[in-house]
Amino acid sequence: MYIQAAAGISPQRSFEAILTQPQNYNGNRLSCQEPDYAQLIDPRMIRRMSRIIKMGVAAAKECLREAGWEVPDAIITGTAYGCLADTELFLAKMIENKEELLTPTAFIQSTHNTVGAQIALLLKCHNYNNTFVHRGFSFESALLDAITLIKEEEISTALVGGVDEITPVSHAILSRFGLYRKEHTDSAALLNTPGKGTMAGEGALFFALSASPSGNDCAKLDDIYTFYKPADRGAVKEQILSFLQRNRLAVKDIDLVITGENGDVAGDAVYTALKTGVWGNAPAISFKQLCGEYPTATGFALWLAVHILHTGKVPGLSPATKPRRVLIYNHYQHIHHSIYLLTAC
Amino acid sequence: MLIKPVFIAGAGVISAIGNNVQQHLHALESGTAGMGNMTYLGSAHKHRLPVAEVKMSNEELAGLTGLPAHISRTALLSSVAAKEALLQSGMDDIQPWRTGFISANTVGGMDKTENFFVDFLKDNRKGRLRNVVHHECGAATEITANHLGIKNYVSTISTACSSSANAIFFGARLIRQDILDVVVAGGADALTKFTLNGFNTLMILDQQYCQPFDENRRGLNLGEGAGYIVMVSEKVASSLKKAPVCTLSGYCNANDAYHQTASSPDGTGSFLAMKGAMKKSGLQPGDIDYINLHGTGTQNNDIAEGTAIKLLFKDRFPKMSSTKSFTGHTLGASGGIEAVFSVLSIQHGMVYPNLRFETQMKELPFAPETVFSKGQPIRHVLSNSFGFGGNCSSLIFSKM
Numbered sequence: 001m002y003i004q005a006a007a008g009i010s011p012q013r014s015f016e017a018i019l020t021q022p023q024n025y026n027g028n029r030l031s032c033q034e035p036d037y038a039q040l041i042d043p044r045m046i047r048r049m050s051r052i053i054k055m056g057v058a059a060a061k062e063c064l065r066e067a068g069w070e071v072p073d074a075i076i077t078g079t080a081y082g083c084l085a086d087t088e089l090f091l092a093k094m095i096e097n098k099e100e101l102l103t104p105t106a107f108i109q110s111t112h113n114t115v116g117a118q119i120a121l122l123l124k125c126h127n128y129n130n131t132f133v134h135r136g137f138s139f140e141s142a143l144l145d146a147i148t149l150i151k152e153e154e155i156s157t158a159l160v161g162g163v164d165e166i167t168p169v170s171h172a173i174l175s176r177f178g179l180y181r182k183e184h185t186d187s188a189a190l191l192n193t194p195g196k197g198t199m200a201g202e203g204a205l206f207f208a209l210s211a212s213p214s215g216n217d218c219a220k221l222d223d224i225y226t227f228y229k230p231a232d233r234g235a236v237k238e239q240i241l242s243f244l245q246r247n248r249l250a251v252k253d254i255d256l257v258i259t260g261e262n263g264d265v266a267g268d269a270v271y272t273a274l275k276t277g278v279w280g281n282a283p284a285i286s287f288k289q290l291c292g293e294y295p296t297a298t299g300f301a302l303w304l305a306v307h308i309l310h311t312g313k314v315p316g317l318s319p320a321t322k323p324r325r326v327l328i329y330n331h332y333q334h335i336h337h338s339i340y341l342l343t344a345c
Numbered sequence: 001m002l003i004k005p006v007f008i009a010g011a012g013v014i015s016a017i018g019n020n021v022q023q024h025l026h027a028l029e030s031g032t033a034g035m036g037n038m039t040y041l042g043s044a045h046k047h048r049l050p051v052a053e054v055k056m057s058n059e060e061l062a063g064l065t066g067l068p069a070h071i072s073r074t075a076l077l078s079s080v081a082a083k084e085a086l087l088q089s090g091m092d093d094i095q096p097w098r099t100g101f102i103s104a105n106t107v108g109g110m111d112k113t114e115n116f117f118v119d120f121l122k123d124n125r126k127g128r129l130r131n132v133v134h135h136e137c138g139a140a141t142e143i144t145a146n147h148l149g150i151k152n153y154v155s156t157i158s159t160a161c162s163s164s165a166n167a168i169f170f171g172a173r174l175i176r177q178d179i180l181d182v183v184v185a186g187g188a189d190a191l192t193k194f195t196l197n198g199f200n201t202l203m204i205l206d207q208q209y210c211q212p213f214d215e216n217r218r219g220l221n222l223g224e225g226a227g228y229i230v231m232v233s234e235k236v237a238s239s240l241k242k243a244p245v246c247t248l249s250g251y252c253n254a255n256d257a258y259h260q261t262a263s264s265p266d267g268t269g270s271f272l273a274m275k276g277a278m279k280k281s282g283l284q285p286g287d288i289d290y291i292n293l294h295g296t297g298t299q300n301n302d303i304a305e306g307t308a309i310k311l312l313f314k315d316r317f318p319k320m321s322s323t324k325s326f327t328g329h330t331l332g333a334s335g336g337i338e339a340v341f342s343v344l345s346i347q348h349g350m351v352y353p354n355l356r357f358e359t360q361m362k363e364l365p366f367a368p369e370t371v372f373s374k375g376q377p378i379r380h381v382l383s384n385s386f387g388f389g390g391n392c393s394s395l396i397f398s399k400m
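Protein chains in written order, with the working numbering: chain A, 1 to 345; chain B, 1 to 400.
Don't read these hints as lab results, they were simulated from the structure.
Fair warning: this is a prediction, and the values are worked out from it, not measured in the lab.
Each hint should be verified, as a subset may be incorrect.
Below, computed lysine-lysine pairings styled on PhoX-like, alpha-carbon distance capped at 20 Å [stated by the list, open to error]: (1) A:Lys-151 / A:Lys-220; (2) B:Lys-399 / A:Lys-98; (3) B:Lys-310 / B:Lys-362; (4) B:Lys-362 / B:Lys-319; (5) A:Lys-252 / A:Lys-237; (6) B:Lys-4 / A:Lys-151; (7) A:Lys-322 / A:Lys-252; (8) A:Lys-229 / B:Lys-151; (9) B:Lys-275 / B:Lys-310; (10) B:Lys-242 / B:Lys-275; (11) B:Lys-374 / A:Lys-93; (12) A:Lys-237 / B:Lys-151; (13) A:Lys-252 / A:Lys-275; (14) A:Lys-151 / B:Lys-279; (15) B:Lys-275 / A:Lys-124; (16) A:Lys-93 / B:Lys-242; (17) B:Lys-279 / B:Lys-126; (18) B:Lys-242 / B:Lys-279; (19) B:Lys-319 / B:Lys-241; (20) B:Lys-399 / B:Lys-374; (21) B:Lys-319 / B:Lys-399; (22) B:Lys-126 / A:Lys-182; (23) B:Lys-122 / A:Lys-98; (24) B:Lys-46 / A:Lys-93.
Generate coordinates for the entire structure from the input sequences, incorporating the hints supplied.
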């Protein structure tokens with residue numbers, strides 16, 4: 001599986017900016033650096049679009065542009081929360097107006113497949129179109145859908161994205177669940193000051209996946225694997241080792257490990273145990289200080305890995321040689337675990 | 001490219017016309033529709049809009065499943081039907097197999113969130129958190145997966161009204177590629193004020209009982225429920241005590257790319273989905289014995305779907321009906337529920353009536369079935385599921 005382009009919108013302006021001057025955030029959330037949408041989307045369409053739709057559509061368009069594709073064989077989106085702002089708007093109006101005098105726009109745009117549907121509409125693309133909405137597996141499911149379609153030769157190209165937003169309402173509710181830091185935190189120091197909770201994040205990252213090499217690919221996605229609710233840390237270790245084994249690799253073959261620490265002591269314990277028990281001295285970086293924590297944050301991790309392999313540069317490290325093989329491991333709330341393996345092209 | 005079929009070993013369903021497969025068979029044969037006045041959903045439109053509610057309270061559903069009554073009705077409905085599907089498959093133990101649960105829904109735990117939101121709007125420190133903890137679509141799936149003891153793979157799809165058809169064929173692909181051995185797939189959706197009011201703003205809800213594919217159709221009735229099928233690999237199928245019922249032989253997902261909610265007048269997406277599914281199964285239009293229509297009863301859907309059928313089948317039209325005339329439109333569950341009806345159609349040679357049909361649509365050279373029949377030679381059933389966002393999916397089930 002070849003990745004011809006990886007593009008999107010995140011709390012960081014660009015990969016180059018991460019190398020020179022990553023954007024830091026104070027408080028308990030990292031918000032997307034949004035582009036001037038008027039440059040990317042027809043202004044008549046922008047008017048009706050909520051923020052997540054704009055982010056998703058703009059990210060998808062940029063990815064297609066970088067890949068040099070007109071229309072992909074499939075458009076597959078992963079989003080845990082869907083279009084929250086429109087959902088909240090319709091819900092609030094419905095309650096305030098006691099179910100009377102409502103208008104349809106927010107309802108129409110609240111369905112979880114809106115981003116994927118709007119991309120199809122914009123491209124006039126009649127091809128395969130799917131949306132996965134499974135919490136910390138949303139993005140991984142979308143990728144697996146694309147990979148299995150490619151393996152069956154149903155398609156040869158796919159546009160796959162992970163999209164989630166923070167809204168004031170979702171932030172307020174998730175804060176009450178204790179997900180985020182109570183005290184003000186500097187994102188640059190998030191992982192060095194372990195505490196209770198993390199910082200919220202968001203993003204819209206899209207990937208142009210292709211069955212065959214184009215001669216101009218950014219990276220190769222060799223394998224992806226997810227596992228649900230492992231019994232304990234030992235089971236996580238076992239899954240990672242068997243993943244390496246099925247790819248006929250040992251830890252020494254991995255040039256860079258990218259992991260999903262988020263600053264929450266309880267959640268990060270798994271990563272600490274893996275560092276001593278599995279990775280050892282392998283060069284490793286983490287990514288949630290750059291994008292925050294959200295269910296489809298692995299989209300950002302994959303975007304980061306693709307750019308690392310493409311440029312040979314690693315944020316925060318100065319490797320003697322360009323990394324050729326990268327492994328990503330992430331878990332979302334101890335429930336959804338995912339592993340990715342990529343190689344340079 | 002022709003595909004390797006996967007085998008259907010079991011089915012489970014709950015809707016306004018019954019709490020299990022047996023009750024559904026009885027209602028479908030006797031022509032008993034599930035619509036009526038709202039009993040469980042506390043909406044301001046109670047006296048104006050009929051709905052097709054599952055005839056059990058959350059407490060009763062909880063009693064049936066052993067799950068707590070305060071969780072989302074979507075998760076309760078999902079657990080009832082998925083459990084039945086697994087029991088029916090005759091698999092005593094799923095543990096030796098790599099088993100997945102792939103579900104679908106459109107609004108997750110919205111039935112609880114909309115209550116939470118009443119208090120939350122007044123003060124964002126208020127509202128019981130247990131009413132919003134299962135808001136995400138994936139949460140209902142996990143409640144059911146945990147209930148069934150399925151852990152190798154769980155996922156959820158949400159493509160509006162085609163959601164569970166997509167879940168079924170994603171599951172089939174995972175079996176064919178030897179990623180899983182057994183997949184329980186389908187979908188669930190509970191009635192919510194959110195969806196009822198949403199569809200009401202679109203002015204596509206019928207104030208009477210719906211009349212799909214009728215010249216004088218007025219719109220749809222919303223329903224609720226869950227439907228799942230158990231798909232197995234050839235290896236698992238050969239280990240089962242009873243032979244599988246049928247196979248999933250074809251499927252296709254296409255996008256209408258016309259409008260966020262409306263279907264194109266010529267039904268481009270529907271046409272591509274049906275045609276693609278037939279190509280996959282290697283069948284010709286003449287091979288299809290029964291079409292379980294998407295048939296919502298709205299002006300727009302029925303003419304788009306009907307036009308696509310007219311184009312595809314030309315002059316030899318198979319028997320067809322919309323079982324939404326029994327169950328109402330169950331949204332994210334409809335593809336799952338109608339997959340179960342398709343499997344039963346093959347199993348018992350049944351064709352279901354399109355209830356309350358009176359006048360043939362003037363644009364179409366065919367009309368749906370109006371009487372129940374069984375013992376028919378039904379070899380191939382086409383099931384359509386089309387949704388907002390232009391998402392169109394068709395499935396084909398075939399006799400073994």
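Can the restraint linking B:Lys-374 and A:Lys-93 be considered satisfied, given a maximum Cα separation of 20 Å? violated (48 Å)
Below or equal to 20 Å on CA atoms is what counts here, so check B:Lys-4 against A:Lys-151. holds (14 Å)
For the pair supplied as a hint, B:Lys-242 and B:Lys-275, confirm whether the alpha-carbon distance does not exceed 20 Å. This hinted pair is violated, its Cα atoms lying about 32 Å apart.
Does the structure keep B:Lys-319 and B:Lys-399 at a Cα separation of 20 Å or less? holds (17 Å)
Starting from A:Lys-237, check that the Cα of B:Lys-151 is at most 20 Å away, please. Roughly 17 Å between the alpha carbons, so the hint for A:Lys-237 and B:Lys-151 holds.
Given the hint that A:Lys-322 pairs with A:Lys-252, does the C-alpha gap stay at or below 20 Å? holds (15 Å)
Measure nothing beyond the straight line between the CA atoms of B:Lys-242 and B:Lys-279; if it is 20 Å or shorter, mark the hint as holding. violated (30 Å)
Check whether the Cα positions of B:Lys-310 and B:Lys-362 lie no farther apart than 20 Å. Given that 20 Å is the threshold and the Cα spacing comes to 12 Å, the pair holds.
Take the C-alpha atoms of B:Lys-279 and B:Lys-126, compute the straight-line distance between them, and say whether it is at most 20 Å. violated (54 Å)
When you check the alpha-carbon spacing of B:Lys-275 and B:Lys-310, does it fall within 20 Å? At roughly 12 Å apart (the allowed maximum being 20 Å), B:Lys-310 and B:Lys-275 satisfy the hint.
For the pair we were handed, A:Lys-151 and A:Lys-220, check the Cα-Cα distance against 20 Å. holds (15 Å)
Please verify whether A:Lys-151 and B:Lys-279 have alpha carbons no more than 20 Å apart. Holds, at roughly 18 Å.
Checked against the numbered hints above, the structure breaks hints 2, 10, 11, 16, 17, 18, 19 and satisfies the rest.
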